[in-house]
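Q: As given, the protein sequences belong to chains X and G, one line each in that order.
In terms of the numbering used here, the first sequence opens at residue 1 and continues consecutively.
In terms of the numbering used here, the second sequence opens at residue 1 and continues consecutively.
Mixed in with the good hints there might be a few duds.
Unchecked claim - One side only, chain G facing chain X, incomplete, derived with CB under 10 angstroms:
(1) Ala123
(2) Lys140
(3) Ser143
(4) Gly147
(5) Glu150
(6) Pro164
(7) Asp167
(8) Tyr169
(9) Gly183
(10) Leu184
(11) Ala185
(12) Asp187
Keep in mind the hints are simulated off the structure, nothing from the lab.
Glycine residues also receive a C-beta, built at the ideal position from the N, C-alpha and C atoms.
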Amino acid sequence: MKYLMKVFLLMLAMGLILSGGITLAAVSAADVNQALQALHLTNAEEIMAAFEIGFSQGRLQPEGALHLVKRLSATEGSPSDKEAILLTIAHALEDDLSVSTLVNTVEEGLARGVPLLVILNGSGGQPLILGLVQRECLLGTVRDLLYSKRIFSAPEGAQAASTSLSLRRFDALVTNIADALGDYLEGDGNPYDGFLLYQAMSTRLRNQSSAESVIPAGESIIPAGESIIPAEDVDLVLDRIEPGDLTPTVLKVLNQS
Amino acid sequence: MREDNLEETIKNVLQREVSDEVFHIEGLEGRIVTELAGQLPKSSPLEALKRLLAPTRGARLGQLAVIGATAAVFLVLGVFLAGRLPFLEGNPRVTVTPSGNEVLFIMPAIGAQSVTVVGSFNAWEATPLSDENGDGIWTKSISLPPGRYEYAFVIDGRWWGQDPLADEYVRSFGAYNSVRYVGLAGDGA
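Turn these sequences into a full structure, and let the hints guide you.
A: Next up, the structure:
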């Protein structure tokens, strides 16, 4: 019996050592920095500093950033275009915006073999393609629209007012409204038709709402991509935003292209 | 304490028990162990490790074989788990949640050499579908946490974004993507 106990203890020790090895394999900020340095960028430090803000806020995962940088590195194209793409994401983080949509846009564009400049600046022709620059602008204008409707994000741990949402819930709203409006425009939607813009937004928010009316404490069920919106947040937005608010919002983006 | 002093110590304890007329078989072993414990020198970590091993060579070999087999099992388990962890397989956006949903991707592509699915759930990296019975129906089941996912199939290198099973379709980079809502109100829309 004592021998069995000894064997069990040794097994446990080995299991702990192996588990530790697996944990150590997780991607760190240093790995991302190393990959950035390999790209020989002019503004690598600024990009890394912004990425670190994103890591600390949970808006960017080191694994996602490393995947993106490595994919960019493996893609043929001008180093300055690659840097401009990373700088756009960095500026969005510095501007206190969620970047999951931007990262996804770049990943999709690279997977499709879209030229780097189109990924960055889009294309004003037919069909309309929104690039990273327009998507970032859209995120900013939607965030400003929510602020103007007195829907805010509350700092972590702060006592939330009735319309102050946690950062994750606020990001989920901004990301999904901007995505819905962007997809409407890319689908040849008329930017002057506020009612259809509103319909695109409300359909997306309702489709993306959770079955539960209230997100549990800790919000652990929300994945990194801000995929789930509590039903009460959907009601809040649809109550305060009107169709007439949306045309000026998208025109700001289109005028920039 | 040296080993040749052990016998004398045990004898002394026994003599004291007898002289004090408190000799009882019950508890005797415990009392001797307690007495000895106070006199034993502190052992080094190496000696402690040696004591974990069996006393005879044959038993030790058996014990080491069991430990080796256990290590191999943990190694295999570690490699298996590492492969399942999203951040190690280029799947950065998806975080594992307790309420994962199996999503079945089906693509009829008779005569195709390869069919994969790319999407926001795998950072647009190809996940292969399989057609084990060769009937031209390619399938893959993927466990996804609740969320909205854009995706497209890639058939022999050609993108196809209009899955009949999708909840909706969006234009992206001038082409169509399919959309699935998993575990949300839009699921099955």
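Q: Hint numbers the structure violates, sorted upward?
A: Of the numbered hints given earlier, those the structure breaks are 2, 3, 6, listed in rising order.
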